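Asker: Here is what each chain is made of, one letter per residue.
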Amino acid sequence: MRKGVRNWGPPLLLVSPTIVILGIFVYGLIGANVSVSLSDRHSLSPAESFVGLDNYFSLFAEERFQHSLYNLGIFTLFFLVGTMLFGFLWAWMLDKGVSAEGVFRSVYLFPMAISFIASGVVWRWLLNSAEGDRASGLNRIFESLGLGFLQNPWWNDPTWGMAAIALPAIWQLAGYVMALFLSGFRGIPDELREAARMDGASEWKLYRHVVFPQLSPVALSALVIIGHMSLKVFDLIMAITKSIYQTEVPATYMWVALTSNDYAKAATIATVLLLFVAVLIIPYLIHTSRSEKAQR
Amino acid sequence: MTISTGIDRKPAPEPAPLTGRPSRVTLGRTAKYVLLILFLVVVLMPVYVLVVTSLKPPQDVNPATSWGLPVRWPWEPALEGGATGFDNWSLAWDALSPAIARTFLLAIPAAIISSFLGAMNGFVLSRWRFPRADWVFTFILFGMFIPYQAIMTPLVQMKTSLGLPSGISTLLVVHIIYGLPICTLIFRNYYTGIPMELMEASRVDGAGMLRTFASIVLPLSLPGFVVTIIWQFTSAWNDFLFALFLSNQREGPVSLALNNLAQGAQLANYGSAMAGALLASLPTLVVYIVLGKYFIGGLMSGSVKS
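As given, the protein sequences belong to chains A and B, one line each in that order. Taking our numbering, the leading residue of the first sequence gets 2, the next gets one more, and so forth. Taking our numbering, the leading residue of the second sequence gets 533, the next gets one more, and so forth.
Hints in this document: simulated from the structure, not taken from any laboratory. Since the structure is predicted, the reported quantities are computational estimates derived from the model, not experimental observations. Each hint should be verified, as a subset may be incorrect.
Said to hold, decoys possible - One-sided and incomplete, this derived list gives chain B residues near chain A with beta-carbon spacing under 8 Å:
1) Thr562
2) Val566
3) Leu570
4) Pro578
5) Pro595
6) Trp621
7) Leu623
8) Thr670
9) Ile678
10) Ala812
11) Leu817
12) Leu823
13) Gly824
In this text, a Cβ means the ideal position worked out from N, Cα and C, and glycines have one as well.
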């Protein structure tokens, strides 16, 4: 290790603008947000007193917030399962050498390049809840294919409605999970596969005992990435339904609270959201930095 | 030296030796292609809908025929003297073009500036380290994962109290700041692939840190810059959250303008909303098509951003 200020002064100086900027705009503002969430600033007029965790207790007691958590849970469940399933399936099919692989890969991945606002325009129409004669979008397809019984009110369904919002999210990100898995598949040394084949393993056994176990780090990162994106879902809901009760999640509820100038409530919801993400991300960061150190 | 996308094409494996059950092998392959093509069709379905609907005059946009191709040429009105399919496009263009121009002014500088800062950070965090550099890195990295809601309330208050404008300039600053963690991460990972000996050699020759960065590391950095610039350009272009909280419909970027066009659209001019969605997606799609290989590289190195 190089010693002395002359050696480590300059590099530290070079990152110091970033440290200061992020110190203010990430950590400082998070601190400010938490302090607003502990105050009684429910309108444009300044906060009058410190109320401790009162805002948190009343938030969790609120039926509307519980409903937004329920929605988030349903969305996350379907989004995770859907992206992992299709991402894995596509990567697996493409792994074994397919002609025109590049074409399939590019098409599966392209929705990732598009904003949720733009794709929301078309998905709003595909998920139109009208049925029968007025049906459009997917319901219309079901109707004309003689699958009328599949017609459903999509996001207007009170129990499973949020699963409908997961459809466009899956459409948009399954290709990303595919890319992650594909890089996992391609990262497995050929020697390993050859050795297994020499030992007489069948293709299935090869996958079952050699390839799949090697993919678990990739699967873990994909789960963490998709999971943390899921907790933050906002654009997609605003684009498809605007902020309405049926599809409300904490992120859109926070927008409603802030635009009605209930700063304390907006800050409280945001802090809860941050805690959810932290519970997912911090162990993951620790895990990756440990395995990185072990590799050095 | 290139950033591995991890999924570069490899020579296709030798076909499995025929083991006396050729029919099963062929059947399996056929089934796989059928599935792959089926998924291809499903993934492209929304694009089909966008294109055909945008080319229909308002009178022809009818739920009963919504999956059908347009029944007339896009320049032919459904009614005498009425609107045509092309009118959807000109309407969308009128509504979005000023915002599209503004968004270029936002996304290009945001991409270049955060990339450059990220390159410097990545360099000192990987190749010209100081004690506790890993802590500093984790400190920076965390900024990538936070839900931006967690800083939004004080950020909005800060914008109001400082009297910052609702236009592109405020958004530019915000995108540069919150782009720093991802750019730092990408460059740190990229520079880890540059041999340490290069730094040592340069040091022996008496070059300082900045000199080493400028004359040895920067010239090797092009692939890293391509990745961060694509990444930052796409996220600034597609951003809606910051735009909604910090900007407004008249001065904001294309995501706001498109959302307004789409939410305002009645069934009658659904076509213009769809044309608008296609217009607003073109720049990122062009980036994706032209630089697709690097785009994937960006997704990999950025493994973790929404």
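Asker: Evaluate each hint against the coordinates.
Answerer: Tested hints:
1. Thr562: Hint on B/Thr562: violated, closest Cβ of chain A at ~12 Å, above 8 Å.
2. Val566: violated (11 Å)
3. Leu570: violated (11 Å)
4. Pro578: With a minimum Cβ separation of about 5 Å from chain A (threshold 8 Å), the hint on B/Pro578 holds.
5. Pro595: Holds: closest Cβ of chain A sits about 4 Å from B/Pro595, inside 8 Å.
6. Trp621: violated (14 Å)
7. Leu623: violated (14 Å)
8. Thr670: Hint on B/Thr670: holds, closest Cβ of chain A at ~7 Å, below 8 Å.
9. Ile678: Given a least distance of 6 Å, the restraint on B/Ile678 holds.
10. Ala812: holds (5 Å)
11. Leu817: holds (6 Å)
12. Leu823: Violated, because the Cβ-Cβ distance from B/Leu823 to chain A comes to roughly 10 Å (cut-off 8 Å).
13. Gly824: For B/Gly824, the interface hint holds, since the closest Cβ of chain A sits about 6 Å away, which is under 8 Å.
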